[in-house]
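2 protein chains.
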Amino acid sequence: MSDTEKPSIKIEEAKDKVIGAIAETMDLYGVTPAAGNLYATMYFKDQMTLDEMRTELGMSKPSMSTSVRRLQEIEMVKKTFTRGSRKHTYAAEKNFFRSFMAFYCQMWEREAKMNLEAIEEAQEDFIDVIKDSSSTPDIVANAKKYYDQLEESKTYYHWLNDLVDSIRSGKIFEFLPKDPHD
Amino acid sequence: MSDTEKPSIKIEEAKDKVIGAIAETMDLYGVTPAAGNLYATMYFKDQMTLDEMRTELGMSKPSMSTSVRRLQEIEMVKKTFTRGSRKHTYAAEKNFFRSFMAFYCQMWEREAKMNLEAIEEAQEDFIDVIKDSSSTPDIVANAKKYYDQLEESKTYYHWLNDLVDSIRSGKIFEFLPKDPHD
DNA sequence: AACTTTATTAAGAATTTATTTAACGTTTTA
DNA sequence: TAAAACGTTAAATAAATTCTTAATAAAGTT
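Protein chains in written order, with full-length UniProt numbering: chain A, 1 to 182; chain B, 1 to 182.
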């Protein structure tokens, strides 16, 4: 059955298998199904214009416009220059290592920054409570407990920042080579 | 102003700052706002029953039930045994390293597995096309191009699996210590 | 400078997702 | 064994996203 297929159709079907898998796992990156499909489609194209995207996915142009913008934000798609064409052209980042680095570094930095800021503020408050003469021993004990819990958790956020640094600098690939020599 | 606050109120406000930050960054873990809030709330509690959660967050019991289940799935909440109580009790995982490991290993393994399976199938198809005598040179060249692109991308998924292994085994902490000796 | 072409923004429609109320099943206790 | 306490499932409602059509803005061409 599949042996009798036209080769050109078989190529499309093979691509679709991969497109489906990529799109399905793109939820990890917090993008909509439309954006996931778009990226996966672009993965097999050199570059695309908004109109080509619309035709290929059968969706509206503004939808493509916002999807492609979101994909640009997480650096999975880059704008490309095409001289002679007035249409904007976009290309998918095909190196998954680069996508991985851009996305997770961005997210982890945000997580560490937000939480560390909140922790610092909260810890100051807990210190105030501990120093406050109107605090009962019970309350002081509580404030200390929370202070210590937060202090402990800072280790994690610092580690997350270290992880980001080692990914950005590429040092992590010394520890975990891209191409392990079997 | 804030100096004149009652210490017990100040403690609650300090906790709320951290709760807000945690809940806000929980979108990274693909959970609903309710689940994010719930986890962040539980982070400052020893353990909680569904009724306590409902009271604390002012939400319905089924909502707590489904939120807590989702949090269990990504191993951010564990069921705890409390003898003498008919109510189920749950405790938040307070070690962020463990949450990190459980969540990302699970997700990355899924990503690698799904995509590698699709890639293997697609590559077989491309080989068929290349071997097919009815394929034009143009089509063969195309199939080869896609085959190579997929072959290249496998490096990434293998690396992702290696990363998961090194996290699961704890080897990554030899490279990136939790507690860097300044 | 007016006219095209293209992309983006805004507003509205539709779908999806999240949440709640109500009903059900199960376990425990009296 | 009946009643009560819990948790979960199902159906319905509410809320938030996402998508589309229409309008606007921006850039390029004649």
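Calculated from the structure, these hints are not laboratory results. One or more of the hints may lead you astray.
Once the Cα atoms are required to be at most 27 Å apart in a straight line, the calculated BS3-like pairs of lysine-lysine come out as [unchecked claim]: (1) B:Lys171 / A:Lys145; (2) A:Lys171 / B:Lys154; (3) B:Lys94 / A:Lys45; (4) A:Lys17 / B:Lys15; (5) A:Lys145 / B:Lys145; (6) A:Lys178 / B:Lys145; (7) A:Lys145 / B:Lys113; (8) B:Lys178 / A:Lys113; (9) B:Lys178 / A:Lys144; (10) A:Lys113 / B:Lys79; (11) B:Lys17 / A:Lys17; (12) B:Lys144 / A:Lys178; (13) A:Lys131 / B:Lys113; (14) A:Lys113 / B:Lys45; (15) B:Lys17 / A:Lys113; (16) B:Lys131 / A:Lys145; (17) A:Lys79 / B:Lys154; (18) B:Lys131 / A:Lys45.
Some chain B residues flagged as far from chain A (calculated, every beta-carbon gap over 10 Å) [to be verified]: (19) Lys6; (20) Pro7; (21) Thr49; (22) Glu52; (23) Asn115; (24) Glu117; (25) Ser153.
Every residue gets a Cβ at the ideal spot worked out from N, C-alpha and C, and that includes glycine.
Each hint tested on the structure:
no., hint, result
1, B:Lys171 / A:Lys145, "violated, 31 Å"
2, A:Lys171 / B:Lys154, "holds, 21 Å"
3, B:Lys94 / A:Lys45, "violated, 45 Å"
4, A:Lys17 / B:Lys15, "violated, 48 Å"
5, A:Lys145 / B:Lys145, "violated, 60 Å"
6, A:Lys178 / B:Lys145, "holds, 22 Å"
7, A:Lys145 / B:Lys113, "violated, 42 Å"
8, B:Lys178 / A:Lys113, "holds, 17 Å"
9, B:Lys178 / A:Lys144, "holds, 23 Å"
10, A:Lys113 / B:Lys79, "violated, 30 Å"
11, B:Lys17 / A:Lys17, "violated, 45 Å"
12, B:Lys144 / A:Lys178, "holds, 23 Å"
13, A:Lys131 / B:Lys113, "violated, 54 Å"
14, A:Lys113 / B:Lys45, "holds, 24 Å"
15, B:Lys17 / A:Lys113, "holds, 14 Å"
16, B:Lys131 / A:Lys145, "violated, 69 Å"
17, A:Lys79 / B:Lys154, "holds, 25 Å"
18, B:Lys131 / A:Lys45, "holds, 23 Å"
19, Lys6, "violated, 8 Å"
20, Pro7, "violated, 4 Å"
21, Thr49, "holds, 21 Å"
22, Glu52, "holds, 18 Å"
23, Asn115, "violated, 5 Å"
24, Glu117, "violated, 7 Å"
25, Ser153, "violated, 6 Å"
Checked against the numbered hints listed earlier, the structure breaks hints 1, 3, 4, 5, 7, 10, 11, 13, 16, 19, 20, 23, 24, 25; every other hint is satisfied.
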